[in-house]
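2 protein chains.
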Amino acid sequence: MQRNSKDSAAKLAAEKSFLTKKRSLPTVDELANGIPKGDRFLLAKGITLLESELPEKQKLGYELLDRLNTVDGKAIQIGISGPPGVGKSTFIEALGSYLVDQGLKLAVLAIDPSSQKTRGSILGDKTRMEALSKNENAFIRPSPAGKTLGGVAAKTQETIQLVEAAGFDVILIETVGVGQSEWEVYSMVDCFLLLLQPGGGDELQGIKKGVVEMADLIAVNKSDGPHMDLANQTKLSYLNALHLFPKNPNGWTTKVNQISALENIGIEDLWKNVNDFFKLVKENGHFEERRKAQALDWYEKHLNQLVWQSIYNKESLFEIFEEQKDQIIAGKIKPIQAARAVFQKYSKTPKE
Amino acid sequence: MQRNSKDSAAKLAAEKSFLTKKRSLPTVDELANGIPKGDRFLLAKGITLLESELPEKQKLGYELLDRLNTVDGKAIQIGISGPPGVGKSTFIEALGSYLVDQGLKLAVLAIDPSSQKTRGSILGDKTRMEALSKNENAFIRPSPAGKTLGGVAAKTQETIQLVEAAGFDVILIETVGVGQSEWEVYSMVDCFLLLLQPGGGDELQGIKKGVVEMADLIAVNKSDGPHMDLANQTKLSYLNALHLFPKNPNGWTTKVNQISALENIGIEDLWKNVNDFFKLVKENGHFEERRKAQALDWYEKHLNQLVWQSIYNKESLFEIFEEQKDQIIAGKIKPIQAARAVFQKYSKTPKE
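Taken in sequence, the protein lines are chains Z and L.
Numbering follows numbering that gives the first Met the number 0, with no gaps: position 235 of the first sequence is 234.
Numbering follows numbering that gives the first Met the number 0, with no gaps: position 21 of the second sequence is 20.
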C-alpha cells in the first residue's frame, strides 16, 4: 500500500534521518581530532571501530591509529589478574577511586570473553564499578576476547594505543583468565599485578600455571577482620615461596601486599609499591627495554594477525582451515599435512 | 694442463665417484623404508634433511614425514629443563642408562642453540653422555635451535615425529633455556621434568619465569653426601611452595624427588613416579586430550611457519621485515604500520 500524502513522506524522511543519525559513526577525522583531547565518547567509538569484525570498519580503525601515530602517550600500563571470586572488580573500584582522587586520569580495560558478541557485560561491568564509572576522569571498557585464530589476540594492544593517545595516566588491564589471556596481557603491560585471597592453593584453581611466577606484585585481598590471621600466613607463605622461584630479570623483587578492597585498606601502600617498581625499572632501563621488546613482539603478532585475517575473511579458506581441524582430531591427517593443505590453498588465493 | 692418459682419467672418475658417494644423501625411499626398522644412521640423515635450510631439502624432509604418516609411534615424550650447572647431561646419562638397561629404546633430543650453524656441540654432547652414546638402544641428537622467526620454533616437533616412527619407547627432550624453548618444549611433550639443585632461589637465575610452575616432576639433583641436609630442606620448601601454586589440570600432584645423577641414587624411584604420572593421565584421558591439543597447536604453528618461511625465503621480503624492525626500535614507525607494510608486500609476492 502506498500513501503519497505530504505528511507521511515527511514522517518517513524524519524517521530515516533519525535512523541514519543514530547509526552514523563519527568520521576518522572527528575521532583523530577529538581523542587526543580526551573525549571519552569519541574514544569509545574509536575502540568500537577497531573491534569491528567488518573489514571496512577495521580499516577505518587502523586509519585512525595511523592518524594518532604521533601522539605519544605517557600512560603506565598495569595488568591485573586473579582467580574468580578474589574481588577484582571491587579492587579496581578501590584502586581506581584512589587514583582519580590523586588527580590521575584512569582507563580500565577488561578482556572479557562474555562480551564477545552481545557485549552483554558492559552494563554488568559498569554496575560492578559504579563509583568509578561515574567519574569523569575514569574510562571503563570491556574488551571482547574476540575470535582468537592461530593464537592471535583480539585488539587489546590497539585499544591500549588508542587509550594512550587520549592522554590517560594509568591504564589497568584486567584479564579474566580465559585461554592465553594472562600471557597476552603480560606481553603488553609494564607491570603485572596478581590478586590473591587468604588461603592455600585450592583457591588458585582459576589461575593458570606460570601466572604466580610472572607477577611483579602480589596483593592478598580480603586481608580484613576474621581473615586477618590467614592473610598473614598467606603473605608469609608467598614471600617464602617466591624466594624459590626465578628472579625478575629487571632486578625487582616481587612484593606481597595485604589489602582489603572492600574496606579500602592497604591501597595507598600498594600504589607506593607500584611507584617504586616504576622508579626502579625506569632508572635501570628495563622499562624502555620491555617496551621495545613489546613493540617487536606486537610487530610480529600483527603480521601474523594480518595473515590469519586474510585466511579468516575468505570463507572458502576458513572452511578448509576448520575442516582440517576435524580431520586432525579424528586422526585422519597429521598436523603438518593439514597445515600444508591450507597454506597451498592460501597461496593460490588472491589477497585483498 | 691436460693429461689424456687412461690412468689419470680413471683416477679422476674414481675421485669424482668417491666425492659424489660421500656427499649423496639416502633417497626418501631408503629413509622411509629404513627408519621404521630403527636404523639410526638413516634416522640421523632424515633429521638432517628436515633441519636443512635449503627449501628443496626441507621439501624432501616433509615428503619423508608424509611417507611415515601411517607409522604410529608409541614413544612417551618427556621434556627436561633446569638451570645451567644443575647437571642435566649427567642426569640424562644416568636416567638413560637405567632405561636402556630396562630394555627400553631411548632417544635424547637436545634443543641446542650452539649447534645452530656449526653443529659444533654434537661432539660435545656425545662426549658428555659417553656411555649412552655408545649404547645401540640409545640415540642422541642435538637439535639446532634454528632461526626462530615470528616466534616459530625449529623442527623439533618434526624430529619427534621421525624419532617416533623409528620405534623408540622414550624420547627425552632437553631444553637449554634459550628464548622461548621451555614453552615450546612444554607444548610438545607428555610430561615435563624440572631438574634443580639443593639451595634457594639464587641458583634459579638460569630458569625463566613460569617454568617451575609447569613442572609435572621436580628432581633435586646432587642430593648426596655433604649436600644432603640442604637437599632435604629444598625438597620440603618446594613441596610447600607448590601447594600455593595452581593445580595441574590433569589431576596430577607435582612430585619432588631427590636424586644424585652422579652417584646414581633415586633414579629408579623417579622413574616410578614418571610411570605413575603416565598411568594416571592415560587412565583419566588427559594423555589423549593433551596429545590432541598439541596436534591442533602444531597445525596452527606449522601454518604460521609456512607463512614465515615464505617470507624468509624471499630475500626482498625478509629485507623489508628486518628493516622495519630497525625502524620500530628507532621509534620511526609503529609496530602495526610496520607489519602492514610487510604484509602488503607479501600479498603482492607470488608464492613458491
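Because the hints were derived from the structure by calculation, they are not lab data.
Do not take every clue at face value.
Treat identical chains as interchangeable: a pair holds within one or across any two.
What the hints assert, rightly or not - With a cut-off of at most 30 Å between alpha-carbon atoms, the simulated DSSO-like pairs for lysine-lysine come out as follows:
id, residue 1, residue 2
1, K246, K56
2, K246, K73
3, K344, K73
4, K73, K331
5, K331, K104
6, K254, K324
7, K331, K291
8, K331, K154
9, K291, K58
Evaluation of the provided hints:
1. K246 to K56: neither (44 Å within a copy, 42 Å between copies)
2. K246 to K73: within (28 Å within a copy, 38 Å between copies)
3. K344 to K73: For K344 and K73, neither the intra-copy (44 Å) nor the inter-copy (33 Å) Cα distance is at most 30 Å.
4. K73 to K331: The answer is between: 17 Å across copies meets 30 Å, while 52 Å in one copy does not.
5. K331 to K104: Result: close only across copies, 27 Å inter versus 55 Å intra.
6. K254 to K324: neither (43 Å within a copy, 34 Å between copies)
7. K331 to K291: between (43 Å within a copy, 12 Å between copies)
8. K331 to K154: For K331 and K154, the Cα distance is within 30 Å only across copies (22 Å; inside one copy 34 Å).
9. K291 to K58: Classified as within: same-chain Cα gap 25 Å, cross-chain 36 Å, threshold 30 Å.
Hints 1, 3 and 6, counting from the list given before, are not met by this structure.
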